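Whenever a hint applies, use it, and build me the whole structure from the sequences.
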Amino acid sequence: MTKVLNWLFPHPLMTVILAVVWVMLQNKVSAGMVVFGLILGIIIPRATAVWWPDRPKAIVTAKFVVYCIIVVWDIIVANIEVAWIVLTKPNSKLRPIWVEVPLDLRQPEAITLLAGTITLTPGTVSADLSNEGRSLLVHALDAADADAVRDEIKHRYERRLKEIFE
Amino acid sequence: MNTAIDLMNGAMMLSFVILGLSQLMAMVRLVIGPDTGDRILALDTMVINAIGLIVLLGIAQGTQVYFEVTLIIAMLGFVSTVAYARFVLRGDIIE
Amino acid sequence: MTLELFAVYATLFLLSVGAVFTLVAAIGLVKLNDPMTRLHAPTKAATVGIGAFLLASMSHSFALGQGSFHELLVLAFLFVTAPISANFIAKVNLHKRACDMPDAPKHDEMWSTLDVPESDRKIATEKNGPATG
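Read top to bottom, the protein sequences are chains L, Z and D.
Anchor point for the first sequence: position 40 equals 40 in our numbering, and the numbering is continuous, going up by one each time.
Just so we're on the same page, our numbering is the position in the second sequence counted from 1, plus 1000.
Just so we're on the same page, our numbering is the position in the third sequence counted from 1, plus 2000.
No lab work stands behind these hints: they were computed from the structure.
Mixed in with the good hints, there may be bad ones.
Unchecked claim - Partial selection, computed: residues in chain D whose CB lies under 7 Å from chain L: (1) Leu-2039; (2) Ala-2090; (3) Thr-2113.
Claimed, not checked - Simulated coverage check for chain Z against chain D, where a stretch passes if three residues somewhere in it have a Cβ under 8 Å from a Cβ of chain D: (4) 1004–1016; (5) 1035–1049; (6) 1056–1068; (7) 1076–1084.
What the hints assert, rightly or not - Restraint ranges, calculated between C-beta atoms of paired labels, are given here: (8) L:Arg-46 / Z:Gly-1091: 35 to 41 Å; (9) L:Leu-40 / D:Met-2101: 45 to 51 Å; (10) Z:Leu-1024 / L:Asp-151: 37 to 43 Å; (11) L:Val-34 / Z:Val-1069: 25 to 31 Å; (12) L:Trp-73 / Z:Val-1069: 30 to 36 Å; (13) Z:Leu-1024 / D:Met-2101: 45 to 51 Å.
Bear in mind the structure is a predicted one, so any value in this text is a computation, not a measurement.
For each residue, glycine too, the CB sits at the ideal point set by N, CA and C.
See the structure below:
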């Protein structure tokens, strides 16, 4: 039974997301559209499953939701900070620095999520990965101390992502 | 209710002006450069601002018909930014 | 009636927020003086600004009494793609050596953008990088 379910839904989260996106594209909820969205949500992950054999087997959904809420909150708060820096600080007083974040995460999906989060939370942009994928290059807009930025990223985001992709 | 709607219309006009101004400033960056990265960034910002202008047009006219336009311009803008950057990085877009 | 009034005020607020953030993005794009710091303002402030406009469009549709949620799709798309384009532009800056260069990583040999084949390394380390752009 579980074998059949695994074959039918190689990626259950993607099935749900595709169905929701389909219903939202129609912009009205009707039973027919939900069913059609579910059909698409079953066919597309099944048809594309061959191309991503190393996808994460399971993520902790509850922790992922908490993570999303934290990130959205950070985006709002930190955007105001960066707007303030851009508007009030003269260029000569800015202290842009490069920060190297050593990575404990191994899965490409988790590293992508971390890099995206770093870029979206203002003040930092993830710029590059080292050639073996063991550290992430981050550019900070205005920071006194590279170690503090690194520790905050590791503590606030990477630790949570590690729990999600365990 | 009427004052609220008047205020909202005022904010809408202000947003149109500010978005137009932002487009002009991005255009300045596009012209003065100085490097390829800045030009790509300026073009990307202009695409994003264009999406904002279309959304505002939709609000001003009170219609939903511009939704697909917004979605398609967002997709095209992303793909063209990536294509431009990849061309500079690799000298080729699809390897 | 109250829902409509609330939607109108929400639209007003979101339009103002969007206008402020897009303006900040444009000012940052023109004002800042280093390619990497310039990357900070537009990629995020502009995304948040347009996000606010999209939410305003959503609440305006509620004010007109025809609620719609599909703006959230564009919003999600923008938030997913903004870091990727920012990353590519940062890579272009590194590749063209237009900004201050970072130190080599502690755990690995070098940053992947700068990891060119041995034979091309001499051309690549010249000031403006290889003649592609």
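Each hint tested on the structure:
| no. | hint | result |
| --- | --- | --- |
| 1 | Leu-2039 | holds, 6 Å |
| 2 | Ala-2090 | holds, 4 Å |
| 3 | Thr-2113 | holds, 5 Å |
| 4 | 1004–1016 | holds (count 8) |
| 5 | 1035–1049 | holds (count 11) |
| 6 | 1056–1068 | holds (count 6) |
| 7 | 1076–1084 | holds (count 3) |
| 8 | L:Arg-46 / Z:Gly-1091: 35 to 41 Å | holds, 37 Å |
| 9 | L:Leu-40 / D:Met-2101: 45 to 51 Å | holds, 47 Å |
| 10 | Z:Leu-1024 / L:Asp-151: 37 to 43 Å | holds, 41 Å |
| 11 | L:Val-34 / Z:Val-1069: 25 to 31 Å | holds, 26 Å |
| 12 | L:Trp-73 / Z:Val-1069: 30 to 36 Å | holds, 31 Å |
| 13 | Z:Leu-1024 / D:Met-2101: 45 to 51 Å | violated, 33 Å |
Of the numbered hints listed earlier, the single one contradicted by the structure is hint 13.
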